[in-house]
Amino acid sequence: DSGVTQTPKHLITATGQRVTLRCSPRSGDLSVYWYQQSLDQGLQFLIQYYNGEERAKGNILERFSAQQFPDLHSELNLSSLELGDSALYFCASSVEGQGSNTEAFFGQGTRLTVV
Amino acid sequence: LAKTTQPISMDSYEGQEVNITCSHNNIATNDYITWYQQFPSQGPRFIIQGYKTKVTNEVASLFIPADRKSSTLSLPRVSLSDTAVYYCLVGDGRRNRDDKIIFGKGTRLHILP
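Read top to bottom, the protein sequences are chains A and B. The first sequence: position 43 = 43 (the numbering used here), numbered continuously. The second sequence: position 96 = 1096 (the numbering used here), numbered continuously.
Source of the hints: derived by calculation from the structure; they are not laboratory data. Any given hint might turn out to be false.
[Claimed, not checked] No more than 30 Å apart at the CA atoms, straight line, and that leaves these computed lysine-lysine pairs for DSSO-like: (1) B:LYS1105 x B:LYS1052; (2) B:LYS1105 x B:LYS1003; (3) A:LYS57 x B:LYS1054; (4) B:LYS1069 x A:LYS57; (5) B:LYS1105 x B:LYS1054; (6) A:LYS57 x B:LYS1003; (7) A:LYS57 x A:LYS9; (8) B:LYS1069 x B:LYS1054; (9) B:LYS1069 x A:LYS9.
As the structure is a computational prediction, the values presented were derived from the model and not from experiment.
Let the hints inform the model, and build the full structure from the sequences given.
As structure tokens, this is what we get:
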């Protein structure tokens, strides 16, 4: 158990809909990262927050947005969903935001299926 | 971020030692080398991190030559459960700089009985 909690574990929704994925970081971790992993694809970095502020952005679509709340949990909002958005979405957290020099702890992911 | 190159896939047998090499020719002075392991449908898990020479923990060893342009992850006596994708990462450790943790395609390790 990494200490990072993601909910829900599975989500099935229709095209055009909007969903919210939630991530609770490890206790004490200030930094949260979101990743998308499609079938047999690599981990695509989406966005990172540090202590409530956006720190780094990857290839995140304009239909996607995220935020980190004062209690440090984070939500990833996906709207106008398309079939191609079906993927595993991972959240990771770390104590500080030092990029790849930091040990990041990953949640078990949310499997999103768009039908 | 320093680009990394590692083999796409490797096969080995149970009980063997497996070495996965990663090239990172443009590694910067501040960069550490970090390896993660990912099982199917699970999030990656940190294995080991090092800066130079050799680091060993209960799971693996990491060998880094003096020029730091490559590194080798060594898994002793692998078992079927070591079948996974292994990612080599080299990052920019400067605070308040680019904090992305970028994963490449990794090495798909397949352990055979």
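Has the given pair, B:LYS1069 with B:LYS1054, been kept, meaning a C-alpha gap of at most 30 Å? holds (14 Å)
Sort out whether B:LYS1003 lies within 30 Å of A:LYS57, counting only the CA atoms. Within the cut-off at roughly 18 Å; holds.
Given the proposed pairing of B:LYS1105 with B:LYS1054, does the C-alpha separation stay at or below 30 Å? With a Cα-Cα distance of about 24 Å, the restraint between B:LYS1105 and B:LYS1054 holds, given a limit of 30 Å.
30 Å limit on alpha-carbon distance, applied to hinted pair B:LYS1069 and A:LYS57: Cα-Cα ~27 Å, so holds.
Between B:LYS1105 and B:LYS1052, does the CA-CA distance stay at or below 30 Å? Holds. B:LYS1105 to B:LYS1052 sits at ~24 Å (cutoff 30 Å).
Quickly compare the C-alpha distance for B:LYS1105 and B:LYS1003 to 30 Å and report which way the hint goes. holds (11 Å)
For A:LYS57 and A:LYS9, compute the direct alpha-carbon distance and say whether it is at most 30 Å. Roughly 24 Å separates the two Cα atoms, so the pair holds.
Distance restraint between B:LYS1069 and A:LYS9, which requires alpha-carbon spacing of 30 Å or less: violated (39 Å)
Is it true that the CA of A:LYS57 sits at most 30 Å from the CA of B:LYS1054? At roughly 33 Å apart (the allowed maximum being 30 Å), B:LYS1054 and A:LYS57 break the hint.
Hint compliance for this structure: hints 3, 9 are broken, all remaining hints hold.
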